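Q: Taken in order, these protein sequences are the chains called A and B. Those letters in the first sequence? Residues 1 to 318, per full-length UniProt numbering, in order. Those letters in the second sequence? Residues 1 to 263, per full-length UniProt numbering, in order.
Check each hint, because a few of them may be wrong.
Computed far set for chain B versus chain A, every beta-carbon distance over 10 Å [claimed, not checked]: (1) Leu20; (2) Phe153; (3) Thr257.
On the chain A side, residues computed to face chain B include the following (Cβ under 7 Å) [as the list claims (entries may be wrong)]: (4) Leu54; (5) Arg77; (6) Val82; (7) Gly84; (8) Ser87; (9) Asp90; (10) Leu92; (11) Ile93; (12) Leu303.
Since the hints were made in silico from the structure, they are not lab data. Being a predicted model, the structure only gives us computed values, none of them experimental. Built from N, CA and C at the ideal position, the CB exists for glycine as well.
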Amino acid sequence: MTHLAIAANALRKSYGDKVVLDGIDLAVPEGTVFSLLGPNGAGKTTAVKILSTLITADGGRALVAGHDIAADPQAVRAAIGVTGQFSAVDGLITGEENMLLMADLHHLSRREGRRVAAELLERFDLVEAAKKPASTYSGGMKRRLDIAMTLVGNPRIIFLDEPTTGLDPRSRHNMWQIIRALVSDGVTVFLTTQYLEEADELADRIAVLNDGKIAAEGTAAELKRLIPGGHVQLRFDDPAAYERAAGALHETVRDDQALTLQIPSGGTQGELRSILDWLDAADVHADGLTVHTPDLDDVFFALTGPADVPDQPKETVR
Amino acid sequence: MSALSPVIRDSSTMLRRNLLHARRYPSLTLNLLLTPIMMLLLFVYVFGDTMSAGIGGSGPDRSEYIAYIVPGLLLMTIGSTVIGTAVSVSTDMTEGIIARFRTMAIHRGSVLIGHVVGSVLQSVMSVVLVGAVAVAIGFRSTDASAWEWLAAFGLLVLFALALTWIAVGMGLVSPNAEAASNNAMPLILLPLISSAFVPVDALPGWLRPIAEYQPFTPAIETLRGLLLGSEIGHNGWLAAAWCLGLAVLGYSWSTSTFNRDQK
């Protein structure tokens with residue numbers, strides 16, 4: 001096995017009667033992005049809090065950067081950086097003062113501190129705002145300042161708890177770029193998110209956390225393989241056409257309420273053409289045709305949810 | 001620089017942060033400073049003649065009454081200042097940055113020590129300001145020696161330290177600023193039921209035990225003795241014991257509350 005930045009074994013935490021983490025195992029190799037994916041209340045934040053020494057686990061063991069989180073939390077703290085779900089900046093002082101505060105707490109010399117602060121403010125596009133109180137920043141700026149502060153100590157492992165929640169699309173893409181840049185510097189990133197797209201974009205490995213347990217773990221591709229393949233969905237406005245089509249096509253899944261038919265298909269050109277040929281031959285006209293390839297949403301819903309899967313149209317041909 | 005132990009180094013960083021807050025947003029400190037100054041002016045210029053006639057027995061003498069109430073008001077100033085401490089600690093704890101501090105390899109207590117040292121400095125400054133107002137309206141301490149001045153100053157600092165640790169604990173257990181302000185209210189109400197404005201003997205009987213067995217009264221009597229030469233007696237020891245006791249209690253309460261797992 002390669003060196004693990006984070007190794008957790010049977011981590012457990014409950015608040016009163018409520019079991020938040022029910023024995024989770026994690027293994028995150030150095031220099032990779034690991035994403036903990038799950039709905040609200042699945043226990044993602046609790047996992048981050050335990051691994052970042054903010055709270056203690058009720059059971060289980062974890063090594064972060066090779067140090068036991070329970071036995072030697074200070075050594076863990078020296079190796080990690082944490083950007084929590086709620087911005088961890090001091091709103092009463094300026095962005096620059098926040099950065100210098102971090103530099104002081106990392107015991108950098110005055111000169112070194114100024115240099116690092118200026119460099120990071122520049123890198124995160126905060127130079128103009130540097131002299132303004134952080135409370136006046138927009139959500140995206142606060143998040144950038146937050147990460148910049150986390151980077152002052154040059155952490156080898158960074159925990160990002162829902163770093164893009166509440167950000168507008170542009171800020172979210174900015175954040176993704178920032179995270180990719182971190183990884184290219186060799187940093188290990190432990191990312192929690194409720195956005196499947198985000199995990200798919202960024203993570204080397206993904207664990208789906210549901211109800212305090214890891215429901216599945218693997219690469220995005222491995223997870224997608226866990227559920228059945230894609231399909232083509234035909235939608236009809238005319239019940240008669242719907243019935244004719246249902247009679248003409250094999251292996252369809254009917255939805256008599258919505259007047260839609262699902263035909264298993266990989267969504268290739270050839271497969272689409274043969275479906276269209278079938279329809280022409282039967283002389284029926286579908287009012288809508290969508291190609292649905294399995295994505296992490298399917299995995300997510302299949303693993304975490306009540307079975308009701310809302311359809312996510314990927315591509316529409318009309 | 002590296003010779004400094006992490007406690008001192010991290011605490012002084014946190015102190016700088018708190019002083020920056022106080023300098024940038026002075027309104028809270030100034031508001032709290034108004035209370036003792038208003039009290040001073042009210043009791044001297046509005047009730048002064050009646051009060052002094054009532055307790056002195058030798059007819060109205062406003063300047064004597066100024067001398068009588070100033071020690072109490074100086075200590076009340078500390079009580080008032082530390083309400084601000086409770087409020088700012090409680091507000092601070094709701095900030096995400098505290099969680100950040102907890103995940104950093106810094107001295108754990110430095111956040112609290114920064115608050116405490118900052119608040120004691122603020123108390124001292126406030127006491128000096130209220131003292132200056134008192135001198136401006138006629139307060140004089142003629143027969144105090146340099147030693148007694150020094151002891152008086154030491155008592156004020158020690159008293160501020162003790163009340164500040166208690167206030168920090170109150171701030172930590174309060175869910176928000178309003179609750180913190182309410183919880184810390186006794187710290188400014190206690191001096192009203194002490195020997196600050198009238199001697200304990202002049203209080204209604206049922207109030208006397210409260211006035212007698214609380215930290216403000218012995219501290220006031222000691223300060224009065226040091227500045228004005230009245231009898232200190234056992235009050236000096238009592239005041240010191242109260243201060244040390246409250247400081248230790250507040251310290252252990254605060255640190256154990258702060259170190260407890262956050263939800």
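Q: Please go over all the hints and tell whether each is borne out by the structure.
A: Status of each hint after checking the structure:
no.: 1; hint: Leu20; verdict: violated, 6 Å
no.: 2; hint: Phe153; verdict: holds, 30 Å
no.: 3; hint: Thr257; verdict: holds, 15 Å
no.: 4; hint: Leu54; verdict: holds, 6 Å
no.: 5; hint: Arg77; verdict: holds, 4 Å
no.: 6; hint: Val82; verdict: holds, 4 Å
no.: 7; hint: Gly84; verdict: holds, 6 Å
no.: 8; hint: Ser87; verdict: holds, 5 Å
no.: 9; hint: Asp90; verdict: holds, 5 Å
no.: 10; hint: Leu92; verdict: holds, 5 Å
no.: 11; hint: Ile93; verdict: holds, 6 Å
no.: 12; hint: Leu303; verdict: violated, 27 Å
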